[in-house]
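> Read off the chains here:
There are 2 protein chains.
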Amino acid sequence: MERSFIEYLQRNEPADDRVPVGIGDDAAVIRLGGDCVAAVDMITDEVDFILAECDPQRIGRKALAVNLSDMAAMAARPVAALVSLLLPREGGGVLAKQLYAGMAPLARQYSTSIAGGDTNSWNGKLAISVTVLGEPTPCGLLRRSGAQQGDHVLVTGDLGGSILGKHFDFMPRVEEAITLRRDYQASAAADISDGLLIDLDRLTRASSLGVELDLEAIPISAAARELAARVGPSTALDHALADGEDFELIFTAPPRAAEQLLRDQPLGVPVTRIGVMIARPGLWRRTPHGREALEPRGFEHRFTE
Amino acid sequence: MERSFIEYLQRNEPADDRVPVGIGDDAAVIRLGGDCVAAVDMITDEVDFILAECDPQRIGRKALAVNLSDMAAMAARPVAALVSLLLPREGGGVLAKQLYAGMAPLARQYSTSIAGGDTNSWNGKLAISVTVLGEPTPCGLLRRSGAQQGDHVLVTGDLGGSILGKHFDFMPRVEEAITLRRDYQASAAADISDGLLIDLDRLTRASSLGVELDLEAIPISAAARELAARVGPSTALDHALADGEDFELIFTAPPRAAEQLLRDQPLGVPVTRIGVMIARPGLWRRTPHGREALEPRGFEHRFTE
Numbered sequence: 001m002e003r004s005f006i007e008y009l010q011r012n013e014p015a016d017d018r019v020p021v022g023i024g025d026d027a028a029v030i031r032l033g034g035d036c037v038a039a040v041d042m043i044t045d046e047v048d049f050i051l052a053e054c055d056p057q058r059i060g061r062k063a064l065a066v067n068l069s070d071m072a073a074m075a076a077r078p079v080a081a082l083v084s085l086l087l088p089r090e091g092g093g094v095l096a097k098q099l100y101a102g103m104a105p106l107a108r109q110y111s112t113s114i115a116g117g118d119t120n121s122w123n124g125k126l127a128i129s130v131t132v133l134g135e136p137t138p139c140g141l142l143r144r145s146g147a148q149q150g151d152h153v154l155v156t157g158d159l160g161g162s163i164l165g166k167h168f169d170f171m172p173r174v175e176e177a178i179t180l181r182r183d184y185q186a187s188a189a190a191d192i193s194d195g196l197l198i199d200l201d202r203l204t205r206a207s208s209l210g211v212e213l214d215l216e217a218i219p220i221s222a223a224a225r226e227l228a229a230r231v232g233p234s235t236a237l238d239h240a241l242a243d244g245e246d247f248e249l250i251f252t253a254p255p256r257a258a259e260q261l262l263r264d265q266p267l268g269v270p271v272t273r274i275g276v277m278i279a280r281p282g283l284w285r286r287t288p289h290g291r292e293a294l295e296p297r298g299f300e301h302r303f304t305e
Numbered sequence: 001m002e003r004s005f006i007e008y009l010q011r012n013e014p015a016d017d018r019v020p021v022g023i024g025d026d027a028a029v030i031r032l033g034g035d036c037v038a039a040v041d042m043i044t045d046e047v048d049f050i051l052a053e054c055d056p057q058r059i060g061r062k063a064l065a066v067n068l069s070d071m072a073a074m075a076a077r078p079v080a081a082l083v084s085l086l087l088p089r090e091g092g093g094v095l096a097k098q099l100y101a102g103m104a105p106l107a108r109q110y111s112t113s114i115a116g117g118d119t120n121s122w123n124g125k126l127a128i129s130v131t132v133l134g135e136p137t138p139c140g141l142l143r144r145s146g147a148q149q150g151d152h153v154l155v156t157g158d159l160g161g162s163i164l165g166k167h168f169d170f171m172p173r174v175e176e177a178i179t180l181r182r183d184y185q186a187s188a189a190a191d192i193s194d195g196l197l198i199d200l201d202r203l204t205r206a207s208s209l210g211v212e213l214d215l216e217a218i219p220i221s222a223a224a225r226e227l228a229a230r231v232g233p234s235t236a237l238d239h240a241l242a243d244g245e246d247f248e249l250i251f252t253a254p255p256r257a258a259e260q261l262l263r264d265q266p267l268g269v270p271v272t273r274i275g276v277m278i279a280r281p282g283l284w285r286r287t288p289h290g291r292e293a294l295e296p297r298g299f300e301h302r303f304t305e
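Protein chains in written order, with UniProt numbering: chain A, 1 to 305; chain B, 1 to 305.
For reference, chain A alone in the conformation it holds in the complex (with noise of 0.2 angstroms):
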């Protein structure tokens, strides 16, 4: 049965002059243009999606969708895909096939190939691991640790409430974050896949910073107002701080290049300022009163010791 899904992949997987050897081998070979930025991540069934009550194809391509999100999140260029499938033994042949069916469209959009990968059943649920090799553009690659003092804080796109639907059907902001560094100085870089305040929190520590938020200024989706009325007691501010998986991204630029950006909205999706790099650690609100602490919510996978 392995062989006959290997033997689909090489039947569609359109050839990549990049991809000099690919699915089949041992390993792939891949001809990047510098060094090598690699990123893994891995989704499960009933943490990131309920197989049981959606479709395969959605699954598939979020597989991949979360590891381009992190080429993004270092404006690197994705290349190449290797995808390890974890199927559960009864309708695993099916189930591999409507993955890879979500996975491909999407890997074209972003000009990646899938290169290799290992499959495998068991007696268990359906995991997959992608991981994404890419390359540096001409522009650098951005760091979590970037950040300078003064340097305002931005986010793309709306945020919140993304279990109604984005969590699934996102686009990474690879293109936009290649621009944001090469047009506009960008000087650090995240993707939310845990949540606002908690991915800031990581990307302020690793520029050995801290960060004075605008709370007023937090783009807020639709999703996360419908959140906020029908489910309750948190706000639809709650849902755009903490909740996980809007893989938009956040940066930093310095405030001329910053104010410049907001007048030119030259990604698509919007650019919202929301806030500001400050030397004392810690995230902090800005209040009439002065600064108030906030606490870095969201995801994180809990094990006991």
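A few of these clues could be false.
Copies of one chain are not kept apart here, so a pair can be met inside one copy or by any two copies together.
Stated by the list, open to error - SDA-like, lysine to any residue: derived pairs with alpha carbons at most 20 angstroms apart: (1) Lys125 / Val47; (2) Lys97 / Leu51; (3) Lys125 / Arg89; (4) Lys97 / Asp45; (5) Lys97 / Arg11; (6) Lys97 / Cys139; (7) Lys97 / Ala279.
Think of the hints as simulated: they come from the structure by calculation, not from any bench. All figures in this text were calculated on a predicted structure; none of them were measured in a lab.
Here the structure of chain A is known, so what remains is to put chain B in place on it, guided by the hints.
Chain B in isolation, oriented as in the chain A frame:
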């Protein structure tokens, strides 16, 4: 919890100037001397090991070793690894560190940095997907498809019965493969992960050839003999032909180079000639009366459509 594990890794993983961005950013950056050679392999509880019955350090070692063996099959030099963990919730924190403690010494031994990964937890069993990134050496890569008619077929080490221990403790044949490519004109290779016959079948298909085996020449391990004596009805030869996870190299070389190799025995591990590549497709055994067909037996992940 995930953050404390990342900080643990950052403290324990030595600096490597070939990994300018390692654990802790959205992606790792790896400096390769040429094309990127990339392989991913996943191992899972109750298929590739039984967590309840063995030391997690051996599992961590194996998760990396099977991937280093894929680099060996290509005669590539490993540089860095990404580790994607799927941990059971209960005890996952301790388990993650034990897995890493088993992986790290092997990584050092093979000059491979653990450059990043992803840590997940769920209400399921343990799975580990490792991606290894490597580079070609000046003598070029080995492919499964490179064998020529008349090439001799050889293996490193002895085969069968790895379930008695070798499937945890094998040494990936990385330096050996590079020596075979550089000094003995090795033309094609694969590692024996699913069984000699099935992996050889894949190599001969990729090379659009067949193979005639001399079954009397197959190097049978002590473990294969022990297993045959203990379990039956399979013979020791059956185990050598079809047991998975030997992680020895199967490779081809032109006759003169192969003969020189057999005289030199330069690898530390013995090299044995077991057959010859022929034009007629398929796996064949040589008998006094001509050729008899062999079935490509071995391990395959099975799942229903």
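> Decide, hint by hint, whether the structure agrees.
Status of each hint after checking the structure:
1. Lys125 / Val47: Classified as both; 11 angstroms inside a copy, 14 angstroms across copies.
2. Lys97 / Leu51: within (15 angstroms within a copy, 30 angstroms between copies)
3. Lys125 / Arg89: Cα proximity of Lys125 and Arg89: in one copy and across copies (9 angstroms, 15 angstroms).
4. Lys97 / Asp45: Within. Shortest intra-copy distance 17 angstroms satisfies the 20 angstroms Cα cut-off; inter-copy 24 angstroms does not.
5. Lys97 / Arg11: within (12 angstroms within a copy, 41 angstroms between copies)
6. Lys97 / Cys139: The answer is neither: 37 angstroms in one copy and 37 angstroms across copies each exceed 20 angstroms.
7. Lys97 / Ala279: neither (51 angstroms within a copy, 34 angstroms between copies)
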